[in-house]
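Participant: If you want the building blocks of each chain, they are given just below.
There are 2 protein chains.
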Amino acid sequence: MKSVQIFIYLFLLSLGSYAQDTMNTSQNFAIAIHGGAGTILKENFTEEKEKAYQNKLSEAINVAYEILEKGGSSIDAVEAAIKIMEDSPLFNAGKGAVFTNSGTNEMDASMMEGKTLNAGAVSGVRTIKNPISAARLVMEKSEHVMLSGKGADEFAKKNGLEIVDSSYFYDEKRYEHLQKIKESEKMQLDHDSDQGNNEQNKDYKYGTVGAVALDKNGNITAATSTGGMTNKKYGRIGDSPIIGAGTYANNNTCGVSCTGHGEYFIRKVVAYDVSALMEYKSMSLKEASDFVIHKKMKEFGGDGGLIAIDKDGNIAMPFNTSGMFRAYKKANGESLVKMFKD
Amino acid sequence: MKSVQIFIYLFLLSLGSYAQDTMNTSQNFAIAIHGGAGTILKENFTEEKEKAYQNKLSEAINVAYEILEKGGSSIDAVEAAIKIMEDSPLFNAGKGAVFTNSGTNEMDASMMEGKTLNAGAVSGVRTIKNPISAARLVMEKSEHVMLSGKGADEFAKKNGLEIVDSSYFYDEKRYEHLQKIKESEKMQLDHDSDQGNNEQNKDYKYGTVGAVALDKNGNITAATSTGGMTNKKYGRIGDSPIIGAGTYANNNTCGVSCTGHGEYFIRKVVAYDVSALMEYKSMSLKEASDFVIHKKMKEFGGDGGLIAIDKDGNIAMPFNTSGMFRAYKKANGESLVKMFKD
Chain A
8 MKSVQIFIYL
18 FLLSLGSYAQ
28 DTMNTSQNFA
38 IAIHGGAGTI
48 LKENFTEEKE
58 KAYQNKLSEA
68 INVAYEILEK
78 GGSSIDAVEA
88 AIKIMEDSPL
98 FNAGKGAVFT
108 NSGTNEMDAS
118 MMEGKTLNAG
128 AVSGVRTIKN
138 PISAARLVME
148 KSEHVMLSGK
158 GADEFAKKNG
168 LEIVDSSYFY
178 DEKRYEHLQK
188 IKESEKMQLD
198 HDSDQGNNEQ
208 NKDYKYGTVG
218 AVALDKNGNI
228 TAATSTGGMT
238 NKKYGRIGDS
248 PIIGAGTYAN
258 NNTCGVSCTG
268 HGEYFIRKVV
278 AYDVSALMEY
288 KSMSLKEASD
298 FVIHKKMKEF
308 GGDGGLIAID
318 KDGNIAMPFN
328 TSGMFRAYKK
338 ANGESLVKMF
348 KD
Chain B
8 MKSVQIFIYL
18 FLLSLGSYAQ
28 DTMNTSQNFA
38 IAIHGGAGTI
48 LKENFTEEKE
58 KAYQNKLSEA
68 INVAYEILEK
78 GGSSIDAVEA
88 AIKIMEDSPL
98 FNAGKGAVFT
108 NSGTNEMDAS
118 MMEGKTLNAG
128 AVSGVRTIKN
138 PISAARLVME
148 KSEHVMLSGK
158 GADEFAKKNG
168 LEIVDSSYFY
178 DEKRYEHLQK
188 IKESEKMQLD
198 HDSDQGNNEQ
208 NKDYKYGTVG
218 AVALDKNGNI
228 TAATSTGGMT
238 NKKYGRIGDS
248 PIIGAGTYAN
258 NNTCGVSCTG
268 HGEYFIRKVV
278 AYDVSALMEY
288 KSMSLKEASD
298 FVIHKKMKEF
308 GGDGGLIAID
318 KDGNIAMPFN
328 TSGMFRAYKK
338 ANGESLVKMF
348 KD
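Chains as they are written, first to last, in our numbering: chain A, 8 to 349; chain B, 8 to 349.
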């Protein structure tokens, strides 16, 4: 009789430990991505082009979702999703990066992990095929958070990342667009300052890609990658590689990736602000991100949007522009792929 | 009789308007500066050297104080204070900037104004005599917030800032120090990553200068300037040029300039965090900045400190290292110049 009691006791103990295990690896995972916010209106898209964007967004979330479903890390998931968008000429990142004033492509990217608050970023890189992988490399293999210019390219090369000739980033349409903008800015270029806000250029500030994921271990990672602004000068750095502005992640609150008029996002420390509002004001993810994008940024004149996932797998994707390329997929099967307002 | 009444009425009205005016230009101005935090112990300083630091800090606050006293702007005040420290070889900024691994001097600086949330920053500049003036230039004359590398140097030159030969930044002692560090890191350099934290190098992350001022119009400006880390590689960018991390200002809360192990300050978005704690948690300046430096950063392993002024002219200067070069002067005559803990 006694051995039966011991057996039952041990059986219950093991049941408890099993339950504990499954609690630690929650099934509550999720992936959210964006491909930039801006004047994205249905009338400006052919059916074919719309389909192309939707397919690429779907591909990116599905690849990331599969990684998360198999128990992979949120770091792997966001990197995989962003690489797919970087490798596509549809988005202003990696392969599709826009041109600087001097006809080069200078890319920025960043990544942050919510568990350790580890972060990595590169700015002004020119030869790294996937800048997001360089951001991850800096996060994981460097004691630094941010590397820039040739030094960042060199660090990536030394550590075995795929390096490409600058011609890889050449895109006929993007180059033509640079010429058009330069044409219209000629007068402005004669001035000493780079002040002024060219309307034609306005939308070409947008097109950044980003991803945020929550994995089964409850770890949130956020990442952002961009080619910056068409015709950018003087080594301009936007919000994408700035931890706190374009990217932020903290397992206690949320992960955030932003897209929009970078200067405004830097000045408002947008990505961290969403987290701070949750932590300090007990706002929900939706309340915090809506407040930042629809109230604070709207009043400030900062066009753009963000994607965010909180520790419970809730997703928010507010934007104050006419559209934002965006998609998400949750563990419960719920998913969305959209570009316009509705 | 009636005209006398009208006269009295008008006289009282004008008195009221005068009072209003003097309220708008409050007498509650203040300047605070730092010259870096780190292992700053009395036993490591000769009397002469201690005096040299104290004199330079005094000179910087007095010049800024005079500007504020005469009704000048907080922008002018912080720029003037920082230029004095940049022009001195005592601090790791401008003239005294430390050397990178490749034997160059690459400097970062930023400035933010609390009224408009305008901000400007430069990173990796090599030929600008006063990087803080370049940060101000970007803030006032560019539509961008952050310019980097050669582009930033070019922008400064185009706009008439004083450009110097790179030999201007040569300092025998700083160069010898680079050689020593390189020697001790030889083994590490053979590796592909730049991981590892050399103890000898540890203190040479610190030495950044910064200033925060509140002017008679209630406008707060914060600014930071640095040569970065001795032996830095791969275009490393620290927290000093990052708005939200090293520098932040908002007239509704406070202005902050940080100094310390930059990577930790970036990951904790330190400068903005002080402001967020005041805005969202209703903490006082002292509570918020003590909490960030002595609690959050201490637990996180982030060595350093910050200086901050709130909208009422209160000053906080917490640091979790053994010392911090620091000074302040308030409208009521109260002032302080210190480097060690007590």
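Take these hints with a grain of salt, some might be off.
No copy is singled out in the list; a pair is fine if it fits within one copy or between any two copies.
[As the list claims (entries may be wrong)] Okay, derived cross-link-like pairs now, SDA-like style, lysine to any residue, Cα gap no bigger than 25 Å in a straight line: (1) K122 <-> N327; (2) K136 <-> E190; (3) K305 <-> T123; (4) K240 <-> I188; (5) K240 <-> E147; (6) K189 <-> N339; (7) K58 <-> E306; (8) K148 <-> G308; (9) K240 <-> E50; (10) K49 <-> I188; (11) K165 <-> K189; (12) K303 <-> N166; (13) K240 <-> K302.
Read the hints as simulated data drawn from the structure, not as lab findings.
Participant: Look at each hint and say if it fits the structure.
Facilitator: Hint check:
Taking the shortest alpha-carbon separations for K122 and N327, only the inter-copy value of 24 Å comes in at or below 25 Å, while the best intra-copy value is 30 Å. Taking CA atoms no more than 25 Å apart as the test, K136 paired with E190 passes in neither setting, with 30 Å inside one copy and 34 Å between copies. Proximity of K305 and T123 under a CA criterion of 25 Å is satisfied inter-copy only: 15 Å between copies versus 32 Å inside one chain copy. In the homo-oligomer, the alpha carbons of K240 and I188 lie at most 25 Å apart inside one protomer (13 Å), although the nearest pairing across protomers, at 35 Å, exceeds that limit.
Taking identical chains as interchangeable, the C-alpha atoms of K240 and E147 lie at most 25 Å apart only when they sit on different chains, with a minimum of 16 Å there against 30 Å within one chain. When the C-alpha separation of K189 and N339 is checked against a cutoff of 25 Å, the pair qualifies neither within a copy, at 48 Å, nor between copies, at 54 Å. In this homomeric assembly, K58 and E306 never come within 25 Å of each other (Cα to Cα): the closest approach is 34 Å inside a single copy and 50 Å across copies. Within a single copy, K148 and G308 get their C-alpha atoms only as close as 38 Å, which misses the 25 Å cut-off; across copies the closest is 19 Å, which meets it.
In the homo-oligomer, the alpha carbons of K240 and E50 never lie at most 25 Å apart, since the shortest distance is 32 Å inside one protomer and 49 Å across protomers. Taking the closest pair of Cα atoms, K49 and I188 come within 25 Å of each other only inside a single copy of the chain (24 Å); across copies the shortest separation is 59 Å, beyond that limit. Taking the shortest Cα distances, K165 and K189 sit within 25 Å of each other only across copies (19 Å), while inside one copy they are farther apart (36 Å). Taking identical chains as interchangeable, the C-alpha atoms of K303 and N166 are never at most 25 Å apart, the minima being 41 Å within one chain and 33 Å between chains.
For the homomeric pair K240 and K302, neither the shortest alpha-carbon distance inside one copy (31 Å) nor that between copies (41 Å) is at most 25 Å.
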